[in-house]
Structures are given as C-alpha cells and as structure tokens.
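**Student:** So the protein lines, in turn, are chains A and B.
If you're matching positions, the first sequence starts at 1 in UniProt numbering and goes up one per residue.
If you're matching positions, the second sequence starts at 1 in UniProt numbering and goes up one per residue.
Source of the hints: derived by calculation from the structure; they are not laboratory data.
Treat the hints loosely; a few may be bogus.
Since the list gives no way to pick out one identical chain from another, each pair is judged satisfied if it fits inside one copy or across any two copies.
[Stated by the list, open to error] Dumping the calculated PhoX-like pairs for lysine-lysine here, alpha-carbon to alpha-carbon at most 25 Å:
1. K68 x K388
2. K332 x K388
3. K728 x K160
4. K728 x K707
5. K169 x K762
2 protein chains.
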Amino acid sequence: MLHSEELHNNPKLHIFLPLFYTLWMDSVLTPTEISEMHKLINKQDWISSTEKEYLLSKLNPAEGPNSKELKSWKKKIKSIDLDSTHSLSQIGESLVKQENPNISIEEKIHLDFQEAEKALGLLSKEAGFTFKSGHQTITTKHREDQSFATEKMTGILDGKQANLIKKVKAVISDPTFAYRDYDSLLDQREQVLQWCQALADQGFGAWAFPEYAKGKDDMEGYFTIMETLSYHDLSMVIKFGVQFGLWGMSVFFLGSEKHHQKYLKDIGSLELPGCFAMTETGHGSNVRGLETTATYDHETKTFSIHTPNPDARKEYIGNAALHGQMATVFAKLIIDGEDYGVNAFVVPLRSEDGKLVKGVRIEDCGRKMGLNGVDNGVIYFDNVVIPKEDMLDKFAFVNEQGEFESPISSDNRRFFTMLGTLVGGRIGIPRSALAASKTGLTIAIRHAEKRKQFGPEGGEEVPILNYRLHQRRLMPPLATSYALHFALRYLTQRFLDRKEEEAQEIEALAAGLKAYTTWFTTATLQECREACGGKGYLSENRIDALKNDTDVYTTFEGDNVVLMQLVAKNRLTEFRQEFGHMNMFTIFNYITAQAKTSIVEKNPITVRNTDSKHLLDFDFHLNAFVYREKAILSSAAQRLKKHIDEGMDSFDATNVAQHHLQNVGQAYIERVILEQFQKTVNETTDESCKMALTQLCQLYALYTLEKNRGWYLEQGYMEGVKTKAIRKEVNQLCWEVRKNASALINAFDIPESCIAAPIAMKTE
Amino acid sequence: MLHSEELHNNPKLHIFLPLFYTLWMDSVLTPTEISEMHKLINKQDWISSTEKEYLLSKLNPAEGPNSKELKSWKKKIKSIDLDSTHSLSQIGESLVKQENPNISIEEKIHLDFQEAEKALGLLSKEAGFTFKSGHQTITTKHREDQSFATEKMTGILDGKQANLIKKVKAVISDPTFAYRDYDSLLDQREQVLQWCQALADQGFGAWAFPEYAKGKDDMEGYFTIMETLSYHDLSMVIKFGVQFGLWGMSVFFLGSEKHHQKYLKDIGSLELPGCFAMTETGHGSNVRGLETTATYDHETKTFSIHTPNPDARKEYIGNAALHGQMATVFAKLIIDGEDYGVNAFVVPLRSEDGKLVKGVRIEDCGRKMGLNGVDNGVIYFDNVVIPKEDMLDKFAFVNEQGEFESPISSDNRRFFTMLGTLVGGRIGIPRSALAASKTGLTIAIRHAEKRKQFGPEGGEEVPILNYRLHQRRLMPPLATSYALHFALRYLTQRFLDRKEEEAQEIEALAAGLKAYTTWFTTATLQECREACGGKGYLSENRIDALKNDTDVYTTFEGDNVVLMQLVAKNRLTEFRQEFGHMNMFTIFNYITAQAKTSIVEKNPITVRNTDSKHLLDFDFHLNAFVYREKAILSSAAQRLKKHIDEGMDSFDATNVAQHHLQNVGQAYIERVILEQFQKTVNETTDESCKMALTQLCQLYALYTLEKNRGWYLEQGYMEGVKTKAIRKEVNQLCWEVRKNASALINAFDIPESCIAAPIAMKTE
C-alpha cells in the first residue's frame, strides 16, 4: 500500500493509513467494519474512482496486508511526531504533511473520520496510543502515599503491651529461630520442641503462673506472647499453647493449691511436658458425652482411668505422640456405680526417659494438613490407677468418706463451669489466627506493590495493587484485620476483668470471635495465596505453611459452626432475660414496633439516601449493625416459638432454625467488632492515624453492610439505590486505602525474619 | 427433700419433685424463676403453711440440693413408668400415686403447673424427656432413602465414555497405584514418573494423537482419561497433563506434519519427556509481554534462544527440574532486528542421560503447597542454538529467503490464535478439579452419615448429616458438582465440534468454566475439610492432598480473575456485534425497555410469588438467570460507555468496572450451567433418575438465586418475601436431597482404593 502508485500520486490518501493499521491490527475485518469503511471512503469526493477502488481492495478480508507490510505501516506512523496528535485522522494528517507539507486536510474530512471511528467502535482519542509510549492513565499513576507515621500506628496497635511485644519479637528474630527445612516429621517435632524450650527458658511459658512457679502472674501478657509468637512458626505456637495454655492452665484453673505447688513450676519450665486430653474419637463437639471413666476405689483411695471402648480413646491430643509425660484427662467420675459426670484428673503417660506408663497405649496421629511440628496422638487407658489427690478438685472432689462433693450440684452445670474457666483458649486461638492473617496480608500486599502486569495501550505495566479487583481482594481483609485487632483486645480485657455474672456473656463473645476470626483467617489466607499467583504456591513464600497450619483453627477449641450455635443460644437466653416476664409474642410485637419506628420515622429518606457523607457516617453504620442484630435475634426467637407452639420438638425446631441462628451469632459479633473499632478510632489522639483508622473503620462497616445487603434489602432497611451506592463507596475506599496499604502492614511491625517470603522482602 | 417429714406427711407434695429437679438441673435459680415458683406454691390451697415454708426453703439459691440429693431425685423419677406421662406435673402425679395410689391430683393443679412451666420458659411436653430414653424426633428419624438405581445414574454421568472410564479406573485401582508415603521429594517425583510411565504403557498418553504415533485420534477420550485419573493422585494427573497435554499438544497443534512425525510417538510413549515453557517470572497472566528471544540467523539457518534478563527466565515449568529433555519454548521471534511477536520453538534441555544441554540452566522450584510429585523448575537460556526446522510453524515460519511469513499478519492476533488452539488445557483442568471435588464430597458425605453428635434430650445422638447447617455445607456443592459435570461435558463437545467462527465463544466458555469450577473446587474442599472436623485435618483422610494439590488450579492455565475479565470482554464484544450499528445508548435503551417489559408486564405478581410450585419451576429459574445475564451485561456496557464519554481512558474505565465485569462473566457462566443441567434432566429417560436430578437442578438454581439475591432485590426482580421463600425452599431441598446423598456420591463410582480415606470406608 505504502509504495503504491496511488499513494504516490495522491499523498493525501495517507490519511487512511492509521485507521487501516488499527483495523487490521485489531482483528480480522468483520462485515460491519467493511461496510463502515466503504461508507467513509465513498463519502470522500476528493478521491478518484481508481483510488477508491484501490482503497477498497485493501479491505478485502481474504487479502489483508502481510506481517511485513503491517510492520512497515507502523514504523512509518511511529516515525512522525505524535505528541500533538490525538485522533487517528490527526495522525493521518501528519503523515500527509510529511509527504507534502502543502496539502491541507479539511475539517469535514476529520469529521467524517470521527463518525466512522465511532461507528467502528474505536475510541478516537485513544487509538493513537498504540503508536506512542509512556502513556499515563489514572490507574498507572496511582501509587503508595502514606498519610501517617508508621511507628505511631504500631504504638496504637501494641498499646501498653509494647515492651513485652518487643521482647518476644527480639527472641523469635534470633538466628536460632530461623526457619529451616526438615528431613522428617521427627526432625520437625524436635526442632519445635527445642524452640518451645528456648521460649520456656525466657520465662514465657510460666508468664501467667504465680511467682512461686517462676511466673509473672500476668495472664494478659501470656495472650500477648501467644499472639506475638504467631508471627513465627505456628507449630511452635500450638505446642507452646498445649504445654503452657491447655496443660498448664487446666492444672491452674481446675486444680487447687496442692496441684499448683506440685506441678506449675515444672510445667512452666517445660521440665514436665504434658497434654490436655479431652476430645475422644466419638465425642468432639459434644464433649458432655465423653465416655472415658475414672472409677473411685475407696479402699485404696485411688481412681482407675479407663477407655471402655475404641470410640472413647482420646484423639488428636497434642504432645501425646512423643513428649508428654502427664495429661489432664477428662473422664466420667464413677463412685459406687453412680456416674457423677465429667471431671478432670492428672494422669501420668510416660516416665522422664520416655517409657510409657503401664496401661497407657499411644498411637501417633501421623501426618496432618499442617502443624506437623506438633506430635498429636491417640491415647488408650487400660485401668491406669492414680491417687485420689490427682483429681483436679477445684469444682468437685471425693471427701474423706469417699463421697462426692461439689459446690455445684448439677453435673451439667459443673461441667460447663469447668469448661468456662478454660475459655482462654478461645482467646489465644483467634489472636494467633489474626497474627497469621497479618503475615499473609503483609506478603500479599508487598508482592502486589512490586508485581506489575498489563497496562494501558502504549503505557507501562501497572502494579497489580492498582487493579480494583486486587484491591477488593486485599483491602477489606486489611481493614477487617485492624477491626479484629481491637475487638480481640476488648475481648481479652473483658476476660481479664470478668465478674461471675458476666461469665456466660464473655464465653459467648469468645466463642463468637473465635469462630469469626478463624473463618476470616482461612478466607484471607486463601485470597493471599491466589493474589500471589504461582509465587503464592511456592512453599518458600510461606503462605503454604500459614494456610495449612491455621486451617484447623476453625475446628479446634470448638468447631466454628457449633460455636456459632452456642453464641446464638446465649443471645436468645439473654434476650429472654432482658424481657423478663413478657411472653415471646409480646416481645416480638415490641421489637417489631421498635423496628417499625426506626424504619417509618427515621427512614423514608434514609432508605434511599446515597449521599456520601451519610454513607461514611459512623452512626449510620452502627445503627444499621445494631438494627440487624436485634431484628435477627427477635425473628429467630419468634420463629422458634412458632415451631414449638405448632407442636414441633424443640430439638427439631432448633435444627430448622440453624441457619437463622448462625446469622444471630454473626450479627452480634459484627456489631461488637464495629462498636469497638469506632470506639478505638474516637479515642485516637494522633490526627493522621485517626484519619487512616477512620477510613479502615468505614471500609469494614460498608464492606460488611455490602456483604449483608440481601438481608437489608429484604427488610426494607435499604433500597437498591442505596446498596448500589454502598458498593461504589466500598470500591472508592479500597482505592483510597490502597495508598496506605504498605504503611498499614508495616505498622504490624512483623519481624522480617518471620515474614521470610522472598516475594515480600523489603529490599528487593 | 425426699426423706423429709413434710413429704412423708403429705405425699402429694411429690408433684413438685420433677419441676424442682428440672430447675436445679438446668441452672442456678434466677430471681424470675424463684418468683414464679413462689407464685405457684402460694396458689396451692392444699398445702399447709409449714409445707409451703419447707418448699420455699428448697428454692434458696444459696442452699440448693447437693449432687447426691439431685441424683436420688432423678433416680426416684426414673423408677416410675414414664411412657404415659407427658408433662412434669403428670410425672409428678405418678410419683404421688406411687406413694399413695389413693391420692388424686385435681385438674386445677395441673393447670397451675402448666402456667408456671410456661412462665418459667419450660416446654411442658418436652420436660419429661430428661427422664426417658429413646426419644425420637423428626431430626432423629431422618435418614438415607435412595430413590433411584445407582448404576443407572452412573450410566447417565458416564454416557458414551463409560467403557473408557472403566478401563482407566481398572488401571488406577491396580495395587501398583496404591498411595504411599514418601521419604523425600525425590522419592515422590520418581513414583509419579513411574505411574505416568505405566499410564503411557497403557496407551493413555498418546490417546489424542494420530494412529502413526500409536494414538487413537480421540481427543474426547483424552479428556475422559484426564478426568478419570483425577480420582487418583493429582501430581500424577498434572505430570501426565504436562507431558501429553501441554508438551504433546503444543507440538501437535502448533507444529506441522514434520514435527508430528518426528516427536509425537516418543512423547506419547514418554520416551521423550518434555515441558511447556511459556510463563516467565515477569510475565504470567500478561503472556503477550514475554521477553525470551529467538533470534534468527539466516547464515546458519538457526535460532538462538535467549533469556535477556532474570525476569525473563521461564518459571514454574513442570517436568523441568528433573525429567524434561525438550521444551516448547515461547519466545519473541527477532529477524534482522525486527520483532515478530511471540512464537513457539522446540528446544532441547537435557540429553537422554539427564545432562543439561550447553547454555541451559535449570533451578528447582522446590517445595510447593501441593503437587510435589511434579518437578517444577526455572529455566534460563544462554544463546541456545536450534535449527530452523524446530520452530513450530503452523501459524508462522521463516521462509527460504529468511523472511517471516504467516497467514495471520497481526502479531497479536497470531499469538491469540496460537493460544486458542491450546484451550484444551482449560477443559482438562476444570474436569480434573471437578473429579477432586467429587472425591472430597464422597469422603465428607460418608463421614457425615456415620458420624453422630448431639441429639434430643433423652434420645440418641444424630448423624451430623441430619443437621440443617451440615446439609447446607454439603448438599449445594453436591448439586453443583452434578451441574458442572454436565456443563463440562457440553463444553468438551462444543470444543470437539468447533467451527472457526465459534472459536472465541468457546474460548470464553472454557475460560469461564475453568474459573468457576476451580473456585468451586477450592471452596468445596474447604467445606469438606471443616465438615470432617479434626478427622478432615489428618492426612490419611486425603482432604489435605486434594485441597493442596488443587489449590493452584485457580492460578494455572490462566489466573481466574484475569480469565473472568476475559470472559466479560468477550461477552461485551458479542454484545456489540449482536446489536450491530446501534450505538451503546440505543442498545441500552432497548435492553432496558426489554427488561422493563419483563418486569412490568410479567411480574407485578411474580416478584412476590412465593408459591412452592412456582419457586421450583425450571422456567422461573432459567428466566431469572437469563435476565441477570442480560441486565448485567448491558449495564456494564452502559457504565463503560459513560466513563469513556466523560473522558476517562478506556484502561481506567475497565479498571473501574472490574468488579462489575467479574459479575458479567459469572452470570454468563451460571446461565450456561443451568441451561445444560435442565437440558440433561429433560433428556433423561429413567424416571427415578430424572426425579433425583430434577431436585438437584432445582437446588443448584435456587441456591444460586439465593447467593445472588442482593442483586435481584436491588433490581426489583424479586421482593423480600420471595427471596425469603427461596431460602426456605433451599433448606427444604437440602433436607430432601440428603436422603439421596450417599447414593448420589456412590453414583460417581470412584474406586474405593482411590478414595482411601479411613473415615470414608464403605464397610466400617
């Protein structure tokens, strides 16, 4: 085409070149494209009929230009100065003028071209970018733009535990804690044991214990240690938790002074490794159904611990397969053939040199999806005899006459009171889970800042964190991880300050936050894995270990689904108590009336309010969360009542309502999380941190509202215009938060040696 | 209490015993409970004031009965015949009559008790269950109840591939294919290689190749083989796919006869292990940006393959770390300094004895989250020279004059045409993923049938599959796995029968189904893991391997997020073509008008229709899916146009719309899946299978509508009453499908030796 006679004779024809190139480069010519081009060409009265024929021949889909020809067109076009050109016909005009500066292109021709380009679906103003380079767009230019001082934010996160956190970080950053590959399961378990020993040597194991056991009497510090250790290997954290948390705390909380004196010091120093033997093969969630027996013999003043059938063997018991020398064993106490319910006993498993005690049989659980540094085992007891003193006797004991005594008469209630004292596990686990999420997010966000892929025509590739979907993957979890940080701090404080009458509320709060946080962790680490693509799949980048080690967090310390049902039942009980004598219908009418009030009186405008100021308003958020919590709770109560009134068995009614009850638990937990986050924001004094946290809090709130929008729409609490506006606002907040993303993860201040992923190295 | 003087003097007081026991067993006494009991007692004019005082003293929260007392009450109550009693006062009456058969209890007393029990929040008719056993409820009684013949369903699933499927299953059930533990990465990789060799020996590797290469010329069979193998070890499947699918098919589809003759036979027999070297460290999704070069030298008629910088090294290449002897390498072809875009070349890596070819450097990718039986590696080329004939020349070649020639002039278009021929990978992967989901569901459902936990008061524990939330975890994925089975069969058929003009549509379909299915697999296996609790975490139960091996399926063969954007762009293009000349606004008005029509004319009743017959109707389902697909597509088109008209760069506009575009892709894929499922159901002749499939199809449809209900409510396509009714219908379908659950997974007919999980053994 370029060298043809026609072009030589009429250089003005060069105006077609950029358009022809663009069409051929894009794709084969479709019939529509051909006809539009015919229209354009036939309109031009300055072209002779021979020339027209020539041009049209170049639009024959069967005989397009060959590669070389296409390349020479492009070269020709790129050779001219493109800076001042914007449309394809302007570029064409430059080409024409290059041939002959005296030829001018009439405005009408440009208009014809613009029309044709539009009909062809080309974006005139952009078409020229193909020939340019360095094209910048909003997406290209967006970048990190930190708005606060990182160390101030770290200070807010760490609070009064800052010094202890620093101390723990210093320990796990020591070269002896460097990650390594393992030759075998045994190798890994020994390494983890050694790390735990090193932590015990630092005094971390005994931290919560009394001073005579070399402890600091500091439960809050113990949780801080668990959480901070979780930036490092999670097998180590779980082994640590089994030894000092489960084994140690069970002796501490279920035993009396004599047990404390006898055991705590050796537990805290790891001289006496032990287990927490509650779960049985046949009974995991339904622990009340445990079948192991502890039969009292008043003659010898001993208990005989026994596994009556294979389903009653203790299963998944941490520290059992290799290292445990004793265990807190939960078993049904039998006196004179009478069953006094589940109680706890200290039972020896191995001598110091590792030999199994007579009557104890242990199997190794073998490889697991993760946490392979923890030696889980199965334990069978064949009439293992222990002295009377080794019953952990805070809540029940056998008196001198060989009779059962307990301040709590009901077996059930006693059992749940015992369990209640162990609620600490349901605080430690979510805090550990959250730390793992923070590490995952640190890796994924750093990678997304550095990784570039795709870009505008004629421009550079763009960091993938600038893509809206990538932001949607990582920014809401980032906001949620801040939200959960403050919620878990609140839970910890409530637990530490608890009064007896608050026990059940706090247990429900712990159960709910445990479930919510660990599910969040599973989902977040999955996003992080995918967001890092193939790099995320390589073990060296650590998402593998983070994901697989935490996967069981949704199961242990209580299966999440079961926990959420517990939370819901607790809420229903509170609900009943709050409303005292009112019967369910009265209550429901009351709640409905309240709800109606809030909709009818407050909301004819609100349900459709898409004003950004309103959408970002803390009060709007919290009201919506509270409304959801109350409305779901009261409708669940009404639903249950209706089924039961209609003659349904309450067990069946609860089953029918399970899905509803799950939402009761979730709505409650989400309200608590938001409330605590808002409270923290309001109390923040550093203005720039406050602004950054405000944005995160808004993102958490709106993202959660968006997630639950089906419900709000069903209720008429919002209309479609509003939920759509919320979605847009979430997108915008993600875009804004992205500027602080790196700073926000750096504020977690995770030791670089713990992050360790090559794709997340700060200095690459 | 029992032995007190008062009771002895007035045996009628025994009527209080069951109620007192129930209150004390339940919990401590709350003030409300105490006051209600006071009310009840004070109403009884047959009780003397001393007796009243005595009874009230037993309600002192500080001095409740002790354990032994409580137990003796219970024993006393259980000693009477409880069968004919229903309320606590009736049980009390029996106790009274046991003391003195002549005493009668007036109706008024029963009424007082009933009132009190209600005020106390006790369910009178159930309170007695505490003392009974064998209490049955709806939830207890629900069980497996198969409604179709398993082998008939298997026949429907397998279709005309049944014989080949049987053959493959027979091979992988052979003892040589038994799963085993590995001592090391090397050990695992060698085992997987051996398995692949055994499969090649069966002729499976060459199945799709021409007969002269010992193949069957049967592409459909090749997909069937990939899918069926996926019931076994997935490292084996991926290694198999790398060798015969990626390496073999790239030679087959990108090369010409001379390459086929030279290589296919040895590839099919695994005598020539090879790689598919496309992805580079710097370019994964954006393959168009690959930087490896193939520079042509006309003097020697050779290409020099070179890695110009570290980011251009080939990464994650399967078969590279250990076994690959050659590779299809994608590189930019350079002739005389001119870049002719990405083309494919056959490049040697190792000699037969494993020695690296000069200029080739390979690093091992090391451990991965899963698929550790595949030896992924990183490849660097340092000016590796290959002869001119080793360019795979179906779409481009260098002619005798040393010039580039291609039937496709545009570099881009040529590249995408080349990629298009490799779309088979995007069919094989989702079919493999689905097989893994089926195995996971088989394990989780069998476990849920056998595992019992919790139960009604006084009744046995219940299989966890009877719990509504557990059904919600597993039944919708079960339905979806059937849905996807038929959708992937449809995709395969479309691919096999494709005409040139359908190529892009089929590519989009494959991309979309690949993304949808692999995300489904990740989510489903996660549910399966959690649904199996601690057992699911043990490696022996295989969910570990299934989950970790398939995790990267969402990334390889195209990152899912990127693929969904591609699908959306394809839909927008089709949309533009369908509407020809109309400009976007016209189109949008047209669509909106259509949509309005369907809402206004058809739906004033429909939007609120909660009739079960309507909700289960296939037409309702498909209309709703189609409406969503069209409306989202046209609104995405309008949105993009609006941004661009307002002056936004199209790259930015696409970025802003990413989330919207993701939904475009999803809505399209969901419509296709439902359409194909309904079609299959309608074509099913066996009536009992048809009914079972109908239920699954309804569940898939309604579950998906429920998931998307936020959107339907926003659009006004449904009102809240209807989406709530859908939720209820989903719960009910889960409850119904549960009866067939075991049969439906047995119909997958996965070899027991492949399932292998102890918790899923058929005969336990």
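**Student:** None of the hints should be skipped; say for each whether it holds.
**Tutor:** Verification of the hints:
no.: 1; hint: K68 x K388; verdict: between (95 Å within a copy, 19 Å between copies)
no.: 2; hint: K332 x K388; verdict: within (15 Å within a copy, 81 Å between copies)
no.: 3; hint: K728 x K160; verdict: neither (38 Å within a copy, 49 Å between copies)
no.: 4; hint: K728 x K707; verdict: both (13 Å within a copy, 20 Å between copies)
no.: 5; hint: K169 x K762; verdict: within (18 Å within a copy, 50 Å between copies)
In summary, the structure is inconsistent with hint 3 from the numbered list given earlier, while agreeing with all the others.
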